[in-house]
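Undergrad: Chains as they are written, first to last, in our numbering: chain E, 1 to 212; chain D, 1 to 212.
Since the hints were made in silico from the structure, they are not lab data. Just so you know, not all the hints are guaranteed correct.
Identical copies carry no separate label here, and so any pair may be met within one copy or between two of them.
[Claimed, not checked] Here are the simulated DMTMM-like pairs of lysine to aspartate or glutamate, each with C-alpha atoms no more than 25 Å apart in a straight line:
hint : residue 1 : residue 2
1    : LYS27     : ASP189
2    : LYS22     : GLU35
3    : LYS88     : GLU118
4    : LYS212    : GLU35
5    : LYS104    : GLU57
6    : LYS134    : GLU35
7    : LYS29     : GLU146
8    : LYS134    : GLU185
9    : LYS192    : GLU16
10   : LYS104    : GLU146
11   : LYS44     : ASP133
12   : LYS212    : GLU165
13   : LYS84     : ASP48
14   : LYS88     : ASP139
15   : LYS27     : ASP93
16   : LYS212    : ASP194
17   : LYS88     : GLU98
18   : LYS207    : GLU98
19   : LYS192    : GLU160
20   : LYS44     : GLU185
21   : LYS39     : ASP53
22   : LYS212    : ASP103
If you're wondering where the values come from, they're calculated on a predicted model, not measured in any experiment.
2 protein chains.
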Amino acid sequence: MYYSYFMEIILTKNIEGVNTPKTLLGKEKLVKIAESAQKMFIKKGFYDTSIRDICHEAGVAVGTFYIYFTDRLAVYRLLVQSYKREIKDVLRDAIIKESSRRDKERVGIKTFVKYVYENPHVYDIIWGSLSVDKKIFKDYYMSFAETYTKHLSECDEIAEFVDVETLSYVLMGITNFMGLKAMFEGEYDDAKFDKLVDVYVMDIIEKSIFLK
Amino acid sequence: MYYSYFMEIILTKNIEGVNTPKTLLGKEKLVKIAESAQKMFIKKGFYDTSIRDICHEAGVAVGTFYIYFTDRLAVYRLLVQSYKREIKDVLRDAIIKESSRRDKERVGIKTFVKYVYENPHVYDIIWGSLSVDKKIFKDYYMSFAETYTKHLSECDEIAEFVDVETLSYVLMGITNFMGLKAMFEGEYDDAKFDKLVDVYVMDIIEKSIFLK
């Protein structure tokens, strides 16, 4: 997660338990703590990371933490929001060049699979939110599904019979599990990502898989 | 999770960190501890549950725990294995009545979605394993995918072009995310499950969703 995403989120979103300071110096200190928390959560897990660990990593006093955050959960919320923004940006930048919805989906799936392959801790943070705070997990996917459904509804290239809300979950499910497949198998290069998504996944999505 | 699944697993599987006793009394005590651990993990989460909590719930001395398990992780492994067995049984019993592969998949998806809707803590235990021990998570899905791929390969009703291993992950992804959708939305009854899977999901799987 880049510095700029944390900054963008604290400037544009009101996150429960996060107290955004008015000065630039304060904002920078808050982001520094968030970056350190991210590093420690990935390294030791949410439950084994204390506020003391985070402050030690960030080089700030424990009291400083409480100026910006009510608890570890508040930092976690900021982390998940920042990842959501980053993932949406990465996907938007990738699909903007494509003209058909079919190609937008194909490139979107491939971009996400490559992104989580290179950043496998995204699963730890986002799916890990299930055991940290179910509300974070639910909000993440419901909000993602809502935006996805909106995009699918607005285009005129999806067949009439499709329930676009169900489709948004189907596509998220396929994408997430392709990410798992690649992560489990390892040794993926561009050619392998292309084959997995452009051929295997798109064939399954577009054609009838059953002979009878 | 039923008593019998824990018993079946300790009798048929060798699980790291689990020491299955020879006497029936010992086996029953082990299962009692596993049941109590399950209850506490669901209630308080893995990280906030101590071995002391588990033993208190089970009504045994802490020393007794260590006769059967090396640590909390060993109980967690037993739990995940038991859920895997239960899920496979539930699915097998449901699809055995169906004759075509299409209907086996349709009924399998619906059965899983209903099962997790009624047992939402299954996500906590299985996806939660990501933050407890990644190996448990990876083994769970790779072994599930392997069995699924085998079944899909052996039937003669899947189109030639399909990469069945990819298909197994696609179907697991769709199924898991339909479970999330139902869990998030709530208020599902049989008619709603039927519509979601028999109509919406099957239409997406079987027909071409893109107009161009």
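Undergrad: All hints, please: hold or fail.
TA: Here is how each hint holds up against the structure:
Taking the shortest alpha-carbon separations for LYS27 and ASP189, neither the intra-copy value of 39 Å nor the inter-copy value of 48 Å comes in at or below 25 Å. For a Cα distance limit of 25 Å, the shortest separation of LYS22 from GLU35 inside one copy, 19 Å, qualifies, whereas the shortest one across copies, 51 Å, does not. Taking the shortest Cα distances, LYS88 and GLU118 sit within 25 Å of each other inside one copy (16 Å), while across copies they are farther apart (32 Å). For the homomeric pair LYS212 and GLU35, neither the shortest alpha-carbon distance inside one copy (53 Å) nor that between copies (44 Å) is at most 25 Å.
In this assembly of identical chains, the alpha carbons of LYS104 and GLU57 never lie at most 25 Å apart, being 40 Å within a copy and 52 Å across copies at closest. Taking the shortest Cα distances, LYS134 and GLU35 sit within 25 Å of each other both inside one copy (23 Å) and across copies (23 Å). Taking the shortest Cα distances, LYS29 and GLU146 never come within 25 Å of each other, neither inside one copy (33 Å) nor across copies (48 Å). In the homo-oligomer, the alpha carbons of LYS134 and GLU185 lie at most 25 Å apart only across protomers (14 Å), although the nearest pairing inside one protomer, at 29 Å, exceeds that limit.
For the identical chains of this complex, LYS192 and GLU16 are neighbours neither inside a copy (41 Å) nor across copies (34 Å), given an alpha-carbon limit of 25 Å. For the homomeric pair LYS104 and GLU146, the shortest alpha-carbon distance inside one copy (17 Å) is at most 25 Å, but the shortest distance between copies (30 Å) is not. Proximity of LYS44 to ASP133 under the C-alpha cut-off of 25 Å is found in both arrangements, the shortest distances being 18 Å within a copy and 11 Å between copies. In the homo-oligomer, the alpha carbons of LYS212 and GLU165 lie at most 25 Å apart only across protomers (20 Å), although the nearest pairing inside one protomer, at 27 Å, exceeds that limit.
For the homomeric pair LYS84 and ASP48, the shortest alpha-carbon distance inside one copy (24 Å) is at most 25 Å, but the shortest distance between copies (27 Å) is not. Taking the shortest Cα distances, LYS88 and ASP139 sit within 25 Å of each other inside one copy (15 Å), while across copies they are farther apart (30 Å). In this assembly of identical chains, LYS27 and ASP93 lie within 25 Å of each other by CA distance neither inside one copy nor across copies; the values are 27 Å within and 57 Å between. When the C-alpha separation of LYS212 and ASP194 is checked against a cutoff of 25 Å, the pair qualifies only between copies, where the shortest distance is 21 Å, while the shortest distance within a copy is 29 Å.
Taking identical chains as interchangeable, the C-alpha atoms of LYS88 and GLU98 lie at most 25 Å apart only when both belong to the same chain, with a minimum of 16 Å there against 41 Å between chains. In this homomeric assembly, LYS207 and GLU98 come within 25 Å of each other (Cα to Cα) both inside a single copy, at 21 Å, and across copies, at 23 Å. For the homomeric pair LYS192 and GLU160, the shortest alpha-carbon distance between copies (20 Å) is at most 25 Å, but the shortest distance inside one copy (33 Å) is not. Only within a single protomer do LYS44 and GLU185 lie at most 25 Å apart by alpha-carbon distance; the minimum there is 24 Å, versus 33 Å between protomers.
In the homo-oligomer, the alpha carbons of LYS39 and ASP53 lie at most 25 Å apart inside one protomer (10 Å), although the nearest pairing across protomers, at 31 Å, exceeds that limit. Taking CA atoms no more than 25 Å apart as the test, LYS212 paired with ASP103 passes between copies only; the shortest distance there is 10 Å, against 28 Å inside one copy.
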